[in-house]
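What the sequence shown shows, in our numbering, is residues 2 to 239, in sequence order.
Derived by calculation from the structure, the hints in this document are not laboratory data. Accuracy of the hints is not assured; some may be wrong.
In silico BS3-like cross-links for lysine-lysine, where the CA-CA straight-line distance does not exceed 27 Å [said to hold, decoys possible]:
#1 Lys-106 / Lys-86
#2 Lys-197 / Lys-172
#3 Lys-86 / Lys-129
#4 Lys-172 / Lys-195
#5 Lys-106 / Lys-129
#6 Lys-172 / Lys-129
The model shown is predicted, which means the values in this text are computed figures rather than measured ones.
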Amino acid sequence: MKRKIGVLLLIVSLLAGCSVSVTTYPRYGSLQGTVQVVDRGYEYQSMEGSGLIDPQDIVIAPQGYFDDDHVYKALEGALVEVDGKQIITGGDGRFFFRDLTSGQKRVRVSSSKLTQDLEFSVYVEPGKTTETRFRWEGVGYYLVIGIEDYWYEENSPGSRRDAQDMHSLFKNNNNLYGTVKPFNAPLLDGEATKDKIKEMVQDIARVATPKDYIVIYFSGHMGGDYLLPYDANREPYD
2 MKRKIGVLLL IVSLLAGCSV SVTTYPRYGS LQGTVQVVDR GYEYQSMEGS GLIDPQDIVI
62 APQGYFDDDH VYKALEGALV EVDGKQIITG GDGRFFFRDL TSGQKRVRVS SSKLTQDLEF
122 SVYVEPGKTT ETRFRWEGVG YYLVIGIEDY WYEENSPGSR RDAQDMHSLF KNNNNLYGTV
182 KPFNAPLLDG EATKDKIKEM VQDIARVATP KDYIVIYFSG HMGGDYLLPY DANREPYD
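With the hints as extra help, turn the sequences into a complete structure.
Okay, structure coming up:
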């Protein structure tokens, strides 16, 4: 028993004077995806008539991945960047990066057709091809109404300026502001008729997804359970 203990102590003392180093090598994986655009219809696709597409209308996923009522079209000519590597999408909207070090990656999608670049994170799995899946988690549609000069009723001083200021506040301080035409401008004075307000609400409901939301801001004559459009005469309130 004493001899075994002596051998054990000798081994421990030898190891105590040594340093052990372990070398690890980076692991690699691939990343692919399809850049697609939500087709909301011609009259709702552009921003302020400029023909630019909002990032909220871009999805990165296999074709047919999202099971909803929208039609998705591939975006050709988009520049996709990951880890300093760049790929321009073809007619099918596809991109493929090989030999990326595994781990969390930042993906940037840019195009002359986009109002701003789209950026998001994705984890590249080692030893395999990761399929990119990304979409906005909800877009805010802000219907801003300001009526200062009424057709029948007395005026509401300051309401027009108030609506313009609130619209600018919503647009400039909210990354989820939905700028899909024609919901990117306030309804002011004679534009804010009863029929027009109803039409705008119905149109937003038609193009919005289940994750989107609508905010209605009204400045003008109103009460606890009603608001007065431009052409209202209060007989009765409706």
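Which of the stated hints cannot be reconciled with the structure, identified by number in ascending sequence? The structure conflicts with hint 6 only, although it agrees with all the remaining ones.
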